[in-house]
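With the hints as constraints, model all of the structure from the sequences given.
Chains as they are written, first to last, in the numbering used here: chain A, 1 to 597; chain B, 1001 to 1407.
The set of hints was computed from the structure by calculation and includes no laboratory data. Glycine included, C-beta positions come from ideal geometry on N, C-alpha and C. It cannot be assumed that every hint is accurate.
[Said to hold, decoys possible] Partial list, derived from the structure: chain B residues whose beta carbon lies under 8 angstroms from chain A:
| no. | residue |
| --- | --- |
| 1 | 1170 |
| 2 | 1276 |
| 3 | 1329 |
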Amino acid sequence: MEPEKKRAIVLSLCAMVFVLLGARLAYLQLLSADELRGMSDKNSIKTITITPPRGLMYDRNGKVLVDNKPSYTVTITPSQFDTNDLSEMSSLLDIPPDRLKQALKEVKGTNRFNPTKIKRDVEFKIVAHIAENHDRLKGVDYQIDAIRFYPDGIIGSHAFGYASEISEKALKKQEGDYYKQGDVVGSTGLEKNYEKDLRGVKGYKFITVDVNGREIGPLNDGNSDIPPVNGQDLMLGMDKDLQLYAEKLMEGKEGALVALDPRNGQILCFVSKPDFDLSLFTGKTDPKVYASLIANPDKPMFNRVTQTRYPPGSTWKMMMSMAALDSGIITPTSTVNCPGAFVYGGRAYEDHGSYGNINVVRALEVSSNVFYYKMGLALGIDNFEKYCRMFGFGQKTGVDIPQEYSGLLPTRKYYDKVFGKDRWPNGVLVNLGIGQGELGVTPLQMAAYVAAISMNGLYCQPHFVSKIKNTVSNTFEDVKFEQRRIDMPLKYYEAVNKGMYLVVNGGGTAKSVKSSDYELCGKTGTAQNSTGKNHSWFVGYAPYGDPRIAICVLGEKEGYGATFAAPTAAKIMVKYLGGPGYDPDSQIKMVSEGVAD
Amino acid sequence: MDKSFFERIDLMLIFLSVGVLSCGLLAVFSATYTGGGDYFSRQLWFGVLGITLMMIISFIPPRFISRASYVLYALSLVLLVLVLIFGKRIAGSKSWFAVGSFGIQPSEFAKITTILALANYMTSTEEGFRNLNRPLEFFKAALFVLVPVLLIMQQPDMGTSLVFLSMILPIFFWAELSPFVLMVIISPIAVVIGALMGTTFFIVALIAVGLILLMFKRNMIVIGIILLVNVVVGISADSLYSKLQPYQQRRIQAVFDPALDPLGSGYNVIQSKVAIGSGGLFGKGFLQGTQTQLKFIPEQWTDFIFCMIGEEFGFIGSITVLLLFLLLISRIVSNGSISKNRFLSIACIGIASVIFCHTVINVGMTIGLLPVIGIPLPLMSYGISSLLSFFVMIGIAMNTYRFKNQY
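Structure representation (structure tokens):
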């Protein structure tokens, strides 16, 4: 067949099919246009988003820590809104007209046919005004949202964190398109870490409206609606009574207090002072308030439990003891001569006293410096790093809140960088032996470390959340966290634990906080502070032999460990072990000036 | 550079393809205007990339294309096997590779390579063509299409399989297959469609087929056998129908009666008809279509993009788009018919038939003439793989124009 003929056949077949399509289009768009246009006009659906309330947070006994309360949110549907009402709305809501205009413009995640959230947490009289003028103020409406409510005022600010209105930047950066303008998103602490559990899943209600925006009724009798899934509740290991007590003890101080259950790593109480009021972030957050919090020189937003890095001072001596025992420098019974000072590299390193030949248990009890100067030197930098890492230093504990630092663990690499390769003095090891110098640890690392020693080597990842409520089965399900064993002979742990026991119950630096009801163990420490009073440390656990609580207290500029940290920690421990109604103040007295360590 | 360098650029095809792309960009912009997504900018950038690709391909000497065709074909078969193993399942079909935030659809690539390999096979003899009326040659040639079709049916992607099958008839016709054999191939298709519509249609189809076959004045026994086969095929159509995916069955039912399932499979068809019809003669205006902007049609920027044209630009707009497509297809067919290079000539028919098939099935489905078969509208639907593959195809048609005088 000729190509021209074939072309003619193919093209005429083609054209016939296209004519068919064109005829159908003419039928739809010319003949049926009015009918279909009518269907289209009736056929408008308004989508009402239903944001479920965020999940609550409960303490270990089921008491509410973080709650919700209802609040009113004003919404405007841009396609229905009459711009003549702009100035009225602007003054009613106290939003400058240009900012209101901006809010009505489409941003990612809004639709001009659907209500856009304009202002959250408004007063009832504004809602009343809108309700009264509903017919006149077209497109203006309100909805009831749940916002955060903290039944006990300012507690656990750094642990719970806040959930606040999503920023425009975060809205653009999000993966997917779940969040819309005006939505709330977890920003810090547990609110951020468990955002996906807490927020639930939004639901949608579809309402048929005519072209003028008048609601005709629910689409498909509401059968097409997608119900929201409520946020999942968190159950924390925290003990609310203990938390409140700890908040009180730390009131007016700068520092950190964290206690955990050494058997599983659950955090029992968690205080960082100074703190801030989480409810400032629940509704509308005033940018000025936020700026002043950030600018505050006391840094109230700073999480001192997980973000400070101070040298641990003498609380470090258990670490050095374990390292010295396991690397074979000493045995639990071997003795080291400890005169009043140690001379190394032409420099004399001081001690509080002269102790003669003492073993590791005694060295811990009296907090001998010379003993640990020698241990630091004998251990060497590489072994030092190895053992520190085993006990979780130089790395994040992995606690389930986002703000955490790994501290500073000086290593060979670190000193090579600071001093030049192999050009640094061994004297640094003398200082590291007693927990001074470049070393920086967080209170949470210290709590986890002392817990691991109390458990003879069981290191549990510290964490807040123990259970998450499954909204389908309505039961709390366990959350798993890591546990590992720091494998060293039991007799080493026993020697160190014995030393910690004697610190309180023997003739040690914390004998002033000895309790007649519970056998407390621990170790005081003092971090040297070149700019003011020293920082007071205490790490410990109780009861001896059957640990149920491990603790770390840091009081900034409070002096020796025995002065502030030891009695505070002791009070927390006996309060927890004593349970409701127990009066820790009758057992433990605060000390005005503790002994040096 | 000689003057003819520019003269030999097929400006008509550039104009038509850029025209269709622009309509598509407008539509994607409108369909994704509320609710966001960077579909528009992605479509724009990949459109630019596609045009570049098209221009480059138009300059490649034809013998390179024909020589590479088997290798590319083999490669695309490998990809079709791999996608079954490693592919990402989207909407029930395993037809995508996830590459970063993009999805890549090897079946789009296979469309081009199948056309080229088939064209190369048909023309790679001493005489320059194979006689398809010989049964062995016929089946060998058909195998080039059937192998990828079998693989694509495993995904399963029936729409794309259909597009592959539909290229057989025009290409074989172009390669001088006798009209009688063509009729024999077409007859069971007509009978099956009749059978699906009901007994009366089945019988009418059978009679029509019988009458047409008689006109060829062949051996009565042969005609009898063919008719018998047709009866068997028609009857087994029902059992075949039952083997379709349930969602495909519902879609076929919904064509005949969308009201059967207004919120399920018929929903898209009803909403899309309402959208297009409510556009009237001039349309509701750009970004003013309530059906489009309120998202009555899910994922409208992909397979239902034509609704947006119908709703916002009305009858004028939709007829313009259809005309652009018709001109595009006829230009490609014309390039094929004037080319002295038989390889490219056959390739052009394959390309034209793929574009035709996509356009008719897609538009037919949005206006309620054909079942909802998810295949994109060429150069208009959002989709990177499909966009690029259509530009490559048009590039080959431009190439045909440039080298039309080379054997």
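Consistency of the hints with the structure:
Interface hint status for residue 1170 of chain B: upheld, as the beta-carbon distance to the closest one in chain A is roughly 7 angstroms, under 8 angstroms. Interface restraint check for residue 1276 of chain B: the shortest CB-CB distance to chain A comes to about 6 angstroms, inside 8 angstroms, so the restraint holds. The criterion of a C-beta within 8 angstroms of any C-beta in chain A is met by residue 1329 of chain B, whose closest approach is roughly 6 angstroms, and the hint holds.
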